[in-house]
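Student: Spelled out, the chains give:
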Amino acid sequence: MPDFAPGTRVRVKDDWPERRGPCHIRTPHYLRGRTGTVHRVLGHFPNPEDLAFARPAPKRTLYHVLFEQPPIWNEGRPGDEILVEIFEHWLEPADAAKEAA
Amino acid sequence: MSPPARRDSVEKLEKLIAALKAKGIITEEELAERQAQTDRASPETGARMVARAWLDPEWRALLLRDGTAAAEAMGVSMAGAPPLGVLEDTPQRHHLIVCTLCSCYPRAVLGYPPHWYKSFAYRSRAVRDPRGVLAEWGTVLPEGVEIRVVDSTADYRWMVLPMRPAGTEGWTEDQLAAIVTRDVLVGVALPKVPTAAAA
Amino acid sequence: MGGATRFRCTPVERDEEPPDAFGKRVDALRQLLAQKKLMTVDELRRGIESIPEEEYLTLTYYERWLCSITTLMLEKGVVSAEELR
Numbered sequence: 001m002p003d004f005a006p007g008t009r010v011r012v013k014d015d016w017p018e019r020r021g022p023c024h025i026r027t028p029h030y031l032r033g034r035t036g037t038v039h040r041v042l043g044h045f046p047n048p049e050d051l052a053f054a055r056p057a058p059k060r061t062l063y064h065v066l067f068e069q070p071p072i073w074n075e076g077r078p079g080d081e082i083l084v085e086i087f088e089h090w091l092e093p094a095d096a097a098k099e100a101a
Numbered sequence: 001m002s003p004p005a006r007r008d009s010v011e012k013l014e015k016l017i018a019a020l021k022a023k024g025i026i027t028e029e030e031l032a033e034r035q036a037q038t039d040r041a042s043p044e045t046g047a048r049m050v051a052r053a054w055l056d057p058e059w060r061a062l063l064l065r066d067g068t069a070a071a072e073a074m075g076v077s078m079a080g081a082p083p084l085g086v087l088e089d090t091p092q093r094h095h096l097i098v099c100t101l102c103s104c105y106p107r108a109v110l111g112y113p114p115h116w117y118k119s120f121a122y123r124s125r126a127v128r129d130p131r132g133v134l135a136e137w138g139t140v141l142p143e144g145v146e147i148r149v150v151d152s153t154a155d156y157r158w159m160v161l162p163m164r165p166a167g168t169e170g171w172t173e174d175q176l177a178a179i180v181t182r183d184v185l186v187g188v189a190l191p192k193v194p195t196a197a198a199a
Numbered sequence: 001m002g003g004a005t006r007f008r009c010t011p012v013e014r015d016e017e018p019p020d021a022f023g024k025r026v027d028a029l030r031q032l033l034a035q036k037k038l039m040t041v042d043e044l045r046r047g048i049e050s051i052p053e054e055e056y057l058t059l060t061y062y063e064r065w066l067c068s069i070t071t072l073m074l075e076k077g078v079v080s081a082e083e084l085r
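Heads up: the sequence lines are chains A, B and C, in that order. Position 18 of the first sequence, counted from 1, bears residue number 18 in the working numbering, the numbering being contiguous throughout. Position 38 of the second sequence, counted from 1, bears residue number 38 in the working numbering, the numbering being contiguous throughout. Position 59 of the third sequence, counted from 1, bears residue number 59 in the working numbering, the numbering being contiguous throughout.
Careful, some of the hints might be misleading.
[Unchecked claim] Incomplete in silico selection of chain B near chain C, CB under 10 Å: (1) Pro82; (2) Pro83; (3) Ser103; (4) Ser119.
No wet-lab data here; the hints were simulated from the structure. We treat Cβ as the ideally placed atom computed from N, Cα and C, and that holds for glycine.
If we strip away everything but chain A, and leave its shape as in the complex, we get (with noise of 0.2 Å):
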């Protein structure tokens, strides 16, 4: 998996496990399929995911990533962000030509 540096533009996965079975997942419906920029990098920490069941727990790479508020419900203030702890295996490099589209 490969590791963001602060800065880089990051999308989180449309992905929806919740669909497919049991799972706890910590990363907001909210973002699925959105893009913010990495802030920092938190650390590295067991995933909740696998926590949840008592299922041994890989760590892994734990990004700060801030988005833009106003876009995600098309309300709210020009310059207003939210910042959200997201575990790596939810991030993916932000495709710029998807992104110009």
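Chain A is already provided as a structure; the job is to place chains B and C on it using the hints.
Tutor: Positioned in the frame of chain A, the structure of chains B and C alone reads:
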């Protein structure tokens, strides 16, 4: 107001505790001690951490760099506790803390979360309408200040280091701590300097 | 829960009461069981999330915790259903 627990819930709790005790898994002493320890945690700790940061640049740097170490230095045992992160307000940016997924809260330095922090209304609106939520507390940010809402989704617990308000020049740490309320540390309020001179 | 439209206009009820005796005891129990490695906070959350919505909405905050803790203890065989009757 949150409703009181129903009697059948209290009974269910005591049945579970009795079963656990019967198997030697827990004791009443352990339970009482753990509750007492939790009761001792208080937002006065967070307030003091902020007041000290307003007076001491080295402490401020530690607080922002390593909130967990700062809490330990305040005498709070952080062994087994989630790491503490402190978010620095600036003249351009104000922070608001929420846990949309459940109710994660920096209990070690703030005590029990208030009921409103755990409510559906707060959890859902803080990320979508933060200024509306602040308005319910009568909090209006100065023009040009952006809000950064911090959603506690994983291992960290967060508290706000607000800006030191004008009108507090020469104040002692005690005086400063007194205006840093729990609501200020969560970010729904700003520290208020009393306008009337106290008797 | 973040941004849920059905709560978009719901005022935040300013309940400042600390947890009642029941809540504090459930809270202490959870911490103790976690300290003894019998459950994690992640399992607690998963248990709460799996409460059927109808039941979820009728339970108070700490009643949901108790529901989840009980389910976990049964699931792991720490206690049996007979012992809780």
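Student: Under the criterion of a CB-CB separation shorter than 10 Å, is Ser119 (chain B) in contact with chain C as hinted?
Tutor: 6 Å, holds
Student: Would the hint on Pro82 (chain B) stand, with a C-beta cut-off of 10 Å toward chain C?
Tutor: At 9 Å from the nearest chain C Cβ, Pro82 (chain B) passes the 10 Å test, so the hint holds.
Student: Taking 10 Å as the limit, does the beta-carbon of Ser103 (chain B) come near enough to a beta-carbon in chain C?
Tutor: 8 Å, holds
Student: The hint names Pro83 (chain B) as touching chain C; please verify it with the least Cβ-Cβ distance against 10 Å.
Tutor: 14 Å, violated
Going through the hint list in order, the structure does not satisfy hint 2, though it satisfies all others.
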